[in-house]
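S.K.: Protein chains in written order, with my numbering: chain A, -4 to 386; chain B, 7 to 219; chain C, 199 to 301; chain D, 8 to 177; chain E, 938 to 1634.
Some hints could be false.
Said to hold, decoys possible - In silico lysine-lysine, BS3-like type, Cα no more than 25 Å apart, as pairs:
| no. | chain 1 | residue 1 | chain 2 | residue 2 |
| --- | --- | --- | --- | --- |
| 1 | A | K372 | B | K14 |
| 2 | B | K92 | B | K180 |
| 3 | B | K182 | B | K92 |
| 4 | B | K14 | A | K49 |
| 5 | B | K98 | B | K180 |
| 6 | E | K1017 | E | K1132 |
Keep in mind that the hints were calculated from the coordinates and are not lab data.
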Amino acid sequence: MTQTLDQIFVLAKHWLLGFLPAAIQPFCSALLSVVAIILVFATLFAITTWLERKGLGRMQNRLGPNRVGPCGLLQPLADGIKSLTKEDIVPAAADHAVHFMAPVLLVAASFLGYAVLPIGRNMVLTNLNAGVLYFFAVGSLMELAVFMAGWSSRSKYSLLGAMRAIAQMISYEVPLVLASIVVILHTGSLSTVAIVDRQAVYTGIWPHWFVFTPWGLAGFVLFMVAATAESNRSPFDLPEGESEIIAGYYIEYSGFKFALFFLGEYIGMFATSAMAITLFLGGWAAPFSFLTWVPSYLWFFAKLLAIISAFIWVRGTLPRLRMDQLMNLAWQFMLPMTLINLLAAGVWQFMPAGVARWPVCAAIVAVPFLLLARGLKQKRKFQLRTYRFSQ
Amino acid sequence: MLGDGILKGLAETARNFFGSYVSRDRLTTIQYPEQRDPQIEAARSFPFLVFDGADWQQGLRCVSCQICEKECPPKCIFIEKSKDKKPDAVGKPQFYPVRFDIDISVCMSCQICVEVCPFDAIKMDVDYDLSTDDRFGGLLLDRQRLAKSNEHYNKIHPTEAAAVDAALAEERAKAKAAAEAKASAAAKAATEAKAAAVANPAPAPQPAAGESQ
Amino acid sequence: MNPLQGYLLLSALLFSIGLAGALLRRNAILVLIGIELMLNAANLNFIAFWRYGPVPAALTGIMFTIFSIAVAAAEAAVGLAIILAAYRHSRTTDLDRMDSLKG
Amino acid sequence: MTASFTILAAITVAGMAAAMGLRNAVHCVLALTVGFAGIAALYLQLGAQFVGFTQVLVYVGAVAILAVFAIMMTQSRPSATPAPRAPLWAAGGAVAAAVFAVLAWAIHSNALSVQALPPQPEAAPSATVQQIGDALMHRFVLPLEIVGLLLTAALIGAVVIAMGRREEMK
Amino acid sequence: MTWIVQNLWLVPVLPMLAAAICALMGYRHRIAAASLAIGSMAISFLLALCAFAHVLGSHAGNGVQTVNVPWFQVGGEWLKLGWMLDPLTSLMLLMVTFVGLLIFIYSVGYMAHDDNFTRFFCFLALFAGAMLGVVIANSLLLLFMCWEVVGLTSYLLIGFWYAKPEAAAAAKKAFVVTKIGDLGFLLGMVWLYEKTGTLLFYDGGAGCLEHSALAHLVAQATILGLATSTAIALLIFCGAAGKSGQVPLHVWLPDAMEGPTPVSALIHAATMVAAGVFLIARIYPLMSVTASGSPAPSVALEVVAWVGATTAVFGALIAVAQFDIKRILAYSTISQLGYMMMGLGVGGVAVGIFHLITHAFFKSLLFLGAGSVIHGCDGEQDIRRMGGLSKSMPITFAAYTAGMLALCGFPLFSGFWSKDDILHAAHSWSISQAPFYMGAFGALLTAFYMTRQLYYVFAGTSRLAELGRDSTHLSDPHGAAHHAPVHPHESPAVMTVPLVILAAFAVLLGFIGTPAWPWFQSFIDGQPASFSFAAFYGFGILPVMLSSALLVFLGLALGWALYGRRPIESAASSDPLAELQPQAFSLLGRAFVVDALYGATLVRLNTVCSRISDWLDRWVWNGAVQAVSYFVLALAWLDNFFDAAVVNSGFDEGCESVSRGGQALSLLQGGQVQSYMRIIGGALIVLVLFLLWGTKI
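Using the sequences plus the hints, can you model the full thing?
M.R.: Below you can see the structure in the form of structure tokens.
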């Protein structure tokens, strides 16, 4: 029974494909999965916008949307209808073709990453041999889309925003990849399915998630910070900093194209979050061995929602960084820490299995962290800022 | 340690998040159409024209002097003066506006028109439910839509309106007394010298009008 | 025509396009891109030979391509940095005007 | 000569030709990414997954962006250069055409010797990440180290060259 | 060999180390420098005490204990250096470290206001180290090296206030004059090395002061019928005379008083000037050696005695007519050094050294007292302007009086015993009685001029406020800044305590060498001392003692008669003695015009010589050199012509052809990258064609 419930979508797909001629079955199989993924994650996008607005509202002691539908649940729908019906304005000086292609490429690129993400047991579009590499390669396409959007608008704000976004994404791609390499080092595979399988085993009731190792924990935190920056979320949302460059690279977009950018950003965020889940949080694996009867995809989405909530929480808490702070964080803190974490993972790999490697690896990660933190703190002497004119 | 400040901040937002469910006091937002804050007396939105009595056309205080039209910084007032005159509240014959339009999409609520009006004929309203689906006609208010009764004025700005009413009442009383004096004098004169003053029927109102201006 | 020849012809064509770009464009950045293109054509050759070669298990073609990509990345970074430095010096990226080394 | 190869080859050649031919430098780079992506797809078709993704990661993700940045930093005006063609362009074009002709002739004339190869495997030979890693760590460890050194040197060198002198920064 | 003998080198090295550290310290670290110097000196003093105790313990025999270490190799021989410990050394060590320690402490107070405090202590410590090195040296070479360092520090310290031209000139003078003597010393040393092959004093029978070497030396004769030993000894005596200010070379010592007073006390009264005496004592075997069995004293000792006697009278005479408080003491020192030399010449090591030791104490006491007076009078040095200080400076007065009585040889004071010893030895000298009479006359004069000084300085009323305080008192910069009327005041405890200690020694020290208990003499000679009052009745002792006491009383009475009877009213009033004998007084006041004499003869000769050398240099040698250079110039011109006309034109032609070729080739280099690439592309085509052609065939 639990087996069936777990594999219900897989079985349903097979049952559907059974009606089709064998020649087009592979194509249709892929098509079905793609459509399913697009539908599910687009829905998740809608839910997330609602969740985000409600959550942020509550954090700011507001109610959030509450007019459209019960508890404002239909707000995303209203937003969608609004953006669809709005006038599509293209600047006269814009490079029309590029201007049009940019949001399309962004959404396409952000959806491409889902091809290798295992959503549940046996629920992955393709089990690529170099899946993680594929994911990051596709992720780098987003930079191009951002550049296209910023450049083709022929607006200084959008170009500035695009330049900021690209600089930020390139800078944080390095720690992002380096943070995930520890997992690859441990599993010895770039395949996402293999990585999840390695984590879906239990000692007693406890799972073998990588986040429960010293290097895994550090890697997870670093990965999440880099992912926040990579998906231009607060506090790293400089590219769209409303106060100085209004909305960054999509300032000249309106209507549905704007919605596409919005969608692309959220889908990209889901993808990196899902990657974090896959790499560190055991993918679709249940957190305790006695909970394995719950269908795997439910676990995946539960984790995803948890991470999304964390994103919202962070967004509601932290103010936006300055550009130099952003870059300093990337190159002076994230990069060294990921390299040290890599060292810790290597030590873990080569030390005999036992209790000894726990404190050693923890020390390798924690001591440089404390030193680095102290060094970074000492460099800047915080003091009360004095204004020359306004006081 | 690096990051403890972030954790502190996260705890703060979490406290607010859950607190907003627990205590109603935290939620400061007013659910607007259903709830409203009581209006404060000094509030103002856009100008309106005050009329006395029941009939707005009869009771408009405006004498179409066009000072406000000239003084309006964004030039959102348009006045067309009448050809004829009709008696005002004091009973004196005055011009009246045939057209009086204010484009409130242009108006900037500066209240200069109110300051310059010598007749206390134009005042600031407090109404803000002005949204309309007609971008042009719906926001160009004509004479009829601008006219609000003195009772309305008394309701929205009671203190100010009381002072204005008192001043007006005093003026009217004075004018009435003068008129009565004049009338009695005229009657006396009429009785004394009926034949002498046929050519000059009524020279008295002119100084009275000059006084009231 | 067998598949290998197809790849080789494609590679030759790409190489020639890259060469033409490198020879004809005046913008130094585009010349550099043309050179990158030639490198890519060569890489395609390596992969094609690995795929259709006698000992694919040796992975020589793939290795060659990987190293070539690494070297090309380094070359692009340094080349573009040099172009930037030259631009700062002469305020142009036009190769015709960067001829202070002529004899 | 499958259909997919034809389509991919056409896309690649079109992208590359556009990259070399368009007037606007930014358009050139965007077309170039199409060409690079096409080459990556060809790699995938040839069964070299790892190389294909690396191609995307390096060329589309890094080199193209780098080129775009360089263009942004060197072109104060977005207008295209007045005459994109170099002097003696005919000579250059002739050389390029001659190179292609000679290469094509060489490929064609060597068709016999190519056919003398052992029968080509229908399925792509496997090149899993594991195998590539093994090869890099054992047979090709020295080149790997050298490449690492080279990349480090290039990183530092690029930073130093692009940073310029300190007075200029101020 | 005990620990102390093995590590005796520590005694000089510690102050030297302190000096080195002080030299590296910043000038602000005053307390550190002073405490370092004083601490090192204190440790050296303790070590000296140990050494003394060691010698005292191993009294038997003339125990010379030596430690020799090889320094470096010359040809086949090792040059050895070493140190030694014998009674003489131990006593000298004790004296130098003790007096030095007291003077160091005194200097802290005296130099308190000086900017170069640190430098002062650096030099002082270096001097102390070098002086101790002189004392412990077992090698004439080591002794000479330390001797020269002592000379150097003397130079540095005399010129310590180098901004004053007098001080700089005095330093230069001291250096040059002592170097004249040192030249003799060096010659003697080289000669000695040539003759004996060693410079170690004692080296287990092989040393130059030991029997075999001496016998060898005395057997050889040189010019004028002198034995080699005598000649060498006289040469070395030149050095000693220079250092100790004996008559022909005494001129530097009075001028050396330009240095700070502690320096005068330590170097120019107690230790360095006594180094000459010590040197003679050290090489006494060489000085005294005679042809075997001859009872008469050696020629060298005879010379020493006569020079000493002359100096004693000479210095005392000049001191009578001086007005500078330190100059009086300086001439007194010269005179006393003459006594020591005379003692060495006529009586032997013990006689001279006994006076050296007592003199060191009371003369440094006098100098420190003078320093205290100068300090209290804010830099005033002219005794005519002092007066009445006994009331304002009681401690200094008491100490100074004790020192003065000791110097005069007042009965029972230490100077009395040691001077008596010398007079007695002179009285019983076999050659001549003249030194005795000269010494007796000197003693009379000493009592006289010290009484004069005492009356001038301490008696009567203060004359400080009188006269313009202008030219004469540049010598000490303490009071140069302020012109307010000066109130003489007592010096701080750090200065008076050393005075009191020294005064106690000045009074009591003589009792270790009375005729009744000649402990000192027997200690030096390495014999056990015996106590007997009967010794007073020995050969001629009591008459000499009585007569010298009489002379002292006579001198004191004369002084009182001239200066004490009638108080000196004013600084301007002339000296009573000058009123009696004006010519003689002015002659003495100008120090027998020796300086002028030197100026008129030696210095002028030197000037003439250098003029002649200059003329020769300018016209004769320079002409020759110029002739040669003109010849070379002519050659060069010829060469140049050849170069320009022949070689260059040919070379130019070659270069131009190369350049033309290069220009032709450079047309290929258009600076256009793409043109190069075109060529490369063409080359590629050719290459492929080649390959194809190759496979076809």
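S.K.: With reference to the structure, classify each hint as holding or not holding.
M.R.: Taking the hints in turn, this is what the structure says about them:
1. With a C-alpha separation of about 17 Å, the suggested pair K372/A and K14/B falls inside the 25 Å cut-off, and the hint holds.
2. Distance check on the hinted pair: K92/B and K180/B sit about 20 Å apart at the alpha-carbon level, within 25 Å; holds.
3. Restraint check: the Cα-Cα separation between K182/B and K92/B comes to about 18 Å, which is no more than 25 Å; the hinted pair holds.
4. Taken as a hint, the K14/B and K49/A pair is honoured in the structure, with Cα atoms around 22 Å apart against an allowance of 25 Å.
5. For the given pair, K98/B sits about 13 Å from K180/B by alpha-carbon distance, which is consistent with the 25 Å threshold.
6. Our distance criterion of 25 Å between C-alpha atoms is met by K1017/E and K1132/E, whose separation comes to about 16 Å.
When held up to the earlier numbered hints, the structure conflicts with none and fits them all.
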